[in-house]
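Student: Between the sequences and the hints, there should be enough to build the whole structure, so can you do that?
In the order they appear, the protein sequences are chains A and B. For the first sequence, the working numbering gives the first residue as 1, with consecutive numbering after it. For the second sequence, the working numbering gives the first residue as 1, with consecutive numbering after it.
Some hints could be false.
Not the full set, but computed from the structure, chain A residues with beta-carbon under 10 Å of chain B [said to hold, decoys possible]:
| hint | residue |
| --- | --- |
| 1 | S4 |
| 2 | L57 |
| 3 | A121 |
| 4 | N142 |
| 5 | F144 |
| 6 | G148 |
| 7 | E150 |
| 8 | D151 |
| 9 | P153 |
| 10 | L158 |
| 11 | A163 |
| 12 | W168 |
Going by beta-carbon spacing under 8 Å, a handful of chain B positions derived as facing chain A [as the list claims (entries may be wrong)]:
| hint | residue |
| --- | --- |
| 13 | S145 |
| 14 | P190 |
| 15 | G241 |
| 16 | F286 |
Don't read these hints as lab results, they were simulated from the structure. Glycine residues also receive a C-beta, built at the ideal position from the N, C-alpha and C atoms.
Each chain, letter by letter, is given below.
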Amino acid sequence: MPDSRLPERLIYLFGIAGNAGTSPALQQLADEGCEIITPSVPGFDGVSGFVAPFEYLDWLASFWDSIDASAATPCPVVGASIGGMIAADLAAMRPEAVTKLALLAPFGIADASNPGFDLYAVRGPDRLQHLFAKGVPEAFNNRFADRGEEDAPVALYLSEIAAASLTWPLGDRGLARRIHRITCPKLVLWGEQDELLPPGLIERWGGGDVVAGAGHLLEWDTPDEVASKLRTFLKD
Amino acid sequence: MKMLWFHLMPYPALPDDFNKKHRSVWVDIDPALFDRDIMAETYDTYIEQLVYAEECGFDAICVNEHHNNGYGLMPSPNLIASILASRTSKAAITVLGNSVALYNPPVRIAEEMAMLDLMSRGRLIAGFPVGTPMDTCYSYGVNPSHLRPKYYEGIELIKQAWESTEAFAFNGQFNQHRYVNPVPRPYQRPRPPIWIPGGGSVETWDFCAANDYVYGALTYYGYKMVRETIAGFWRQVEAHGKDANPNRLAVTQFIGVADTDAEAHKLYREPAEYFFNRSLHVYPGFTDPPGYVTEASARARYKSQVRQVARSKQASHDLTWQEMLDKGYVVVGSADTVREQLEAAARELNIGNMCAMLQFGNMNDEVTRYNTQMFGEKVAPQLRTMFSEFSHDWWPTGA
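Tutor: This is the structure we're talking about:
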């Protein structure tokens, strides 16, 4: 008999816009008893003094330090956008840590013939609107507000530095050469209206489901659809 | 004061409606806009203008580096400088510069600049800009977070390569070499003077002051726009306990000289309007990649001048001639008018090296040569006597 319960916990690795809290899709799973663990990652946490790692391997080590500190693995991992790239590498290189892998429009593989929208060729305040198909969620408009008027924009800038340093210039970190190492069950979802990463890339990840009405950060745009697919995948 | 003749090498035939129909002169400019015959002719003309500047008595001739750019046709300034090394004999050859973080390994820059220094018998000034975001992060794809650490490490590697008397190993974050041993080493010993063009970041002021490099406030908007930047540099010089020798500083300025103010306005208005409203039509989205400025600079609300102006200009209107004059973007007039303004600027800001931009926009060869001759004969001699009490420790030994 297949286990029809949600896992006790999962790790959620957020996307290019940083950590704005638990997305509505993941919140549905949390409401059903699954603990959502979102590791805090240097740079994305907006803490002063951040210097972006020079090498991708150092970035992975930074993420993995945060993941290991949570003591959550082995468990399912849901990675969105940049988090999807990191989650895929975690599954590829540390297969014992990931029991199931859900990728939501992951970075890591690029198509030079259709590189998608250049998020960093628009001014900072105009970037967020390109990540969502249904408007920018309120959670992203007030990030780091608790840091105060002076420090909040700096914290946001550091988070943007972290994201840009991981994806510059095309967001390809060679996952195509490592994807064969992912042996755990895998689900790939993609927003049909993803401006950053054209949905056609889903085939490069071995195929998956394209979600209508969703932009790049689909767990925010279409929570019911994404939660439903995650629920099925995680229970299966 | 030293007089330097600075060439941007702009493409002179952008269409009249360029800033209406194209979003940017930089990064993704339409390559179909460039006519190959005009381009070829332009290189010939501009190189001859640089040679002519030496004939007019300029202390130095300057080239610089830009990429994917409609107003700077010198992605490789070293190519132009190598011609100038053989075509001239007295003027310093100022390469402002090579964007160190773009080259792998930077030892290549050490080699090429050493060749230039040898070919010119010690007349090279080695300029090392960080490079604009448009040139570095967008046109060359450098990760903005890596740009400055790569830049600082690259300069250190080049300097060691020039000064070392034997092969050595270098183990940096971005460069690992078991054998650094460039042949040739420079003509000047231990190395050519190093100038650092900057846009106003706190780190660059400190870098120049700490290492005794010349700080080049390279602005397209004239000395008035860089008052704060220059003040910040001099504060850092003082903080490091160094003397306020004006020769530590270089400033660029668009200049137009004629017999009368009225004649100057008539001659130079169109080229200035071409430059500021066509050549400098930069899409603001290409000016602000996260990581290009450090946390300290972001915190200080530092914003590069190009970005500021690009934003304000595109958000509002084309610059008018009167605005260009009032804001000091261009210093235009009779020899007396120009000299008075530049002398006042030099005194106020303590400028020992004036990088005169006497060709700008679509200024034709005849007017450029006239401007160069007028400046060389009627403006430069009086200015050159300024600050003569200071030694110039940053001037090439062969010039």
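Student: Hint validation: A:A163 versus chain B, beta carbon distance must be below 10 Å. Holds or violated?
Tutor: holds, 7 Å
Student: Measuring from the C-beta of A:S4 to each C-beta in chain B, is the shortest one below 10 Å?
Tutor: violated, 44 Å
Student: Holds or violated: is the Cβ of A:A121 closer than 10 Å to a Cβ in chain B?
Tutor: The hint holds - A:A121 has a Cβ within 10 Å of chain B, the shortest such distance being about 4 Å.
Student: Let me know if the C-beta of A:N142 comes in closer than 10 Å to any C-beta of chain B, holds or violated.
Tutor: violated, 19 Å
Student: With 10 Å as the cut and Cβ atoms as the points, is A:E150 at the interface with chain B?
Tutor: holds, 8 Å
Student: Does A:P153 pass the interface hint, meaning its C-beta sits closer than 10 Å to a C-beta of chain B?
Tutor: holds, 8 Å
Student: Does B:F286 hold up as a contact with chain A if the rule is Cβ-Cβ below 8 Å?
Tutor: Given a least distance of 6 Å, the restraint on B:F286 holds.
Student: At a threshold of 10 Å, is the proposed contact between A:L158 and chain B supported by beta-carbon distances?
Tutor: Status holds, d = 6 Å.
Student: Next item in the hint list is A:G148. Is there a CB on chain B closer than 10 Å to its CB?
Tutor: With a closest approach of 13 Å, the A:G148 hint is violated.
Student: Let me know if the C-beta of B:P190 comes in closer than 8 Å to any C-beta of chain A, holds or violated.
Tutor: violated, 30 Å
Student: So, as I understand it, the hint says B:S145 touches chain A; can you test that by seeing if any CB pair is closer than 8 Å?
Tutor: Holds - the Cβ of B:S145 comes within 8 Å of chain A, reaching about 4 Å at its closest.
Student: Using the nearest Cβ pair, does A:D151 come within less than 10 Å of chain B?
Tutor: Holds, because the Cβ-Cβ distance from A:D151 to chain B comes to roughly 9 Å (cut-off 10 Å).
In this structure, the earlier hints numbered 1, 2, 4, 5, 6, 14, 15 are contradicted, and the remaining ones agree with it.
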